[in-house]
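Chain order of the listed sequences is S and V.
In terms of this note's numbering, the first sequence has 122 at position 140, counting the first letter as 1, and numbering is strictly consecutive.
Add 1175 to a position in the second sequence, counting from 1, and you land on the number used in this note's numbering.
Think of the hints as simulated: they come from the structure by calculation, not from any bench.
Don't take each hint at face value.
[Said to hold, decoys possible] Quick list of the computed label-pair ranges, beta carbon to beta carbon:
1) Glu101(S) to Thr1180(V): 21 to 31 Å
2) Ser137(S) to Leu1268(V): 17 to 27 Å
3) Glu101(S) to Ser1257(V): 46 to 56 Å
4) Ala1198(V) to Glu29(S): 43 to 53 Å
5) His1218(V) to Ser65(S): 47 to 57 Å
6) Thr15(S) to Arg1248(V): 32 to 42 Å
7) Thr1180(V) to Asp(-8)(S): 41 to 51 Å
8) Cys1260(V) to Arg73(S): 17 to 27 Å
9) Phe138(S) to Val1256(V): 41 to 51 Å
10) Phe138(S) to Cys1260(V): 43 to 53 Å
11) Glu29(S) to Trp1246(V): 18 to 28 Å
Quick reminder that beta carbons are idealized off the backbone N, C-alpha and C, glycines included.
This is what each chain is made of:
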Amino acid sequence: MDVLSPTETDAVVARARLGDPVALEALYRCYSTGVYNLARRICRTTEDADDVVQETFFEVCRSIRTYRGDGSIWGWIRSVASSKALMRLRRNKYRATDELNDELAPARGASTALRMDLESALGRLSDTARAVVWLHDVEGYTHEEIGSQMGRTASFSKSQLSRAHQRLRGWLGEEAVIA
Amino acid sequence: MTHLTMEQLLAVRDDDRSEPEFAEAHSHVAACEACRGELDRLHQRTARLRALPTMSSAHNHFPAVRARWQWDRQQRRIRLVSGVCTAAAAALLLSVVGRDLLIPPRLNAEQQLQTAIDASQQLEATLHAWDPAQRVVDGRTAQLVVVIEDRIAEVDSRLQDIARLEHQERLRRQVELWRERVSLMNALVDVHVTQASNVDL
Chain S
-17 MDVLSPTETD AVVARARLGD PVALEALYRC YSTGVYNLAR RICRTTEDAD
33 DVVQETFFEV CRSIRTYRGD GSIWGWIRSV ASSKALMRLR RNKYRATDEL
83 NDELAPARGA STALRMDLES ALGRLSDTAR AVVWLHDVEG YTHEEIGSQM
133 GRTASFSKSQ LSRAHQRLRG WLGEEAVIA
Chain V
1176 MTHLTMEQLL AVRDDDRSEP EFAEAHSHVA ACEACRGELD RLHQRTARLR
1226 ALPTMSSAHN HFPAVRARWQ WDRQQRRIRL VSGVCTAAAA ALLLSVVGRD
1276 LLIPPRLNAE QQLQTAIDAS QQLEATLHAW DPAQRVVDGR TAQLVVVIED
1326 RIAEVDSRLQ DIARLEHQER LRRQVELWRE RVSLMNALVD VHVTQASNVD
1376 L
């Protein structure tokens, strides 16, 4: 992953807006890992995450002229990526895992051997809940922004986050968290 | 004592005071050790989420992205150029052919005169073939025929009178008079044929 200084970023973005493939590739090298990580945390499979990366940078190439420089270029690319990842979730319509998750979740105070690590617990959440947790708690999106991207309300996002944390808390166990 | 729900704990963590109960939750945490513990666990969990390792793809997707983008650009250019060409061709076609289709051709004065003379002669031939002299007509029809024939004679007379007019003016008047003659000949044919049909019946 390449890192660009703010001045370099501005120059690269200006050239990318003119359709310079070298500049577009520089953006890819700089931000593709961030996009992949976000996509991989929201989608379930590496294949889906790879597809999201391709879709995102194709959209970046096509639409970078519409980027007006209001926010950071990473913020703009990230919003394209999260939108593509959520679209991928909607398209795939994975199995509803909430009920299954409840069954699999160890009760509070159960043996620590049954407790999951955070990575697995995150993977056990429903697609929507996992996306909300990641977008809100890690990427820093507001509930309004998440609700808007999902075509739902801010209350929906809040409720999903609350339920997700309740589940994570149960699956991870208190001691494991405190330790 | 009732402890905070997860939603309230999240509101405290995110400093969300949008609901009255969230505002109360802030003061509750200050007084409740169990809820402070839960809030700590929530903070730790969030920190651990943020500390999860960054995942990166094993593939370089840019060549595929660039190929697709360039193909897309090419297609958009082709669509744009073909759209412009189609519009230009349509405009050209409309200006050349459409004008003739939409607006009847304008004949010059000589052509208009010839058309009127031809029509008049055709009607006279029709009347001649009908041979009205050999037909029986009632009094009312005969009266009408006389009126029309008088008016045709008058038109013929005026056609003779305008011979001395200047060419353009004469042409204009000739066209008017021949058209009037055609109209009268039409009426004459109608009267004869209609009356004859009635007689036959």
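Hint check:
1. Glu101(S) to Thr1180(V): 21 to 31 Å: 26 Å, holds
2. Ser137(S) to Leu1268(V): 17 to 27 Å: Since the Cβ atoms of Ser137(S) and Leu1268(V) sit about 59 Å apart, the hinted range of 17 to 27 Å is violated.
3. Glu101(S) to Ser1257(V): 46 to 56 Å: 52 Å, holds
4. Ala1198(V) to Glu29(S): 43 to 53 Å: The hint (43 to 53 Å, Cβ to Cβ) holds, given that Ala1198(V) and Glu29(S) are roughly 46 Å apart.
5. His1218(V) to Ser65(S): 47 to 57 Å: With a Cβ separation near 29 Å, His1218(V) and Ser65(S) fall outside 47 to 57 Å, so the hint is violated.
6. Thr15(S) to Arg1248(V): 32 to 42 Å: 26 Å, violated
7. Thr1180(V) to Asp(-8)(S): 41 to 51 Å: Since Thr1180(V) and Asp(-8)(S) have Cβ atoms about 46 Å apart, the given range 41 to 51 Å holds.
8. Cys1260(V) to Arg73(S): 17 to 27 Å: 37 Å Cβ-Cβ, so the 17 to 27 Å window is violated.
9. Phe138(S) to Val1256(V): 41 to 51 Å: The hint (41 to 51 Å, Cβ to Cβ) holds, given that Phe138(S) and Val1256(V) are roughly 46 Å apart.
10. Phe138(S) to Cys1260(V): 43 to 53 Å: With a Cβ separation near 50 Å, Phe138(S) and Cys1260(V) satisfy 43 to 53 Å, so the hint holds.
11. Glu29(S) to Trp1246(V): 18 to 28 Å: 22 Å, holds
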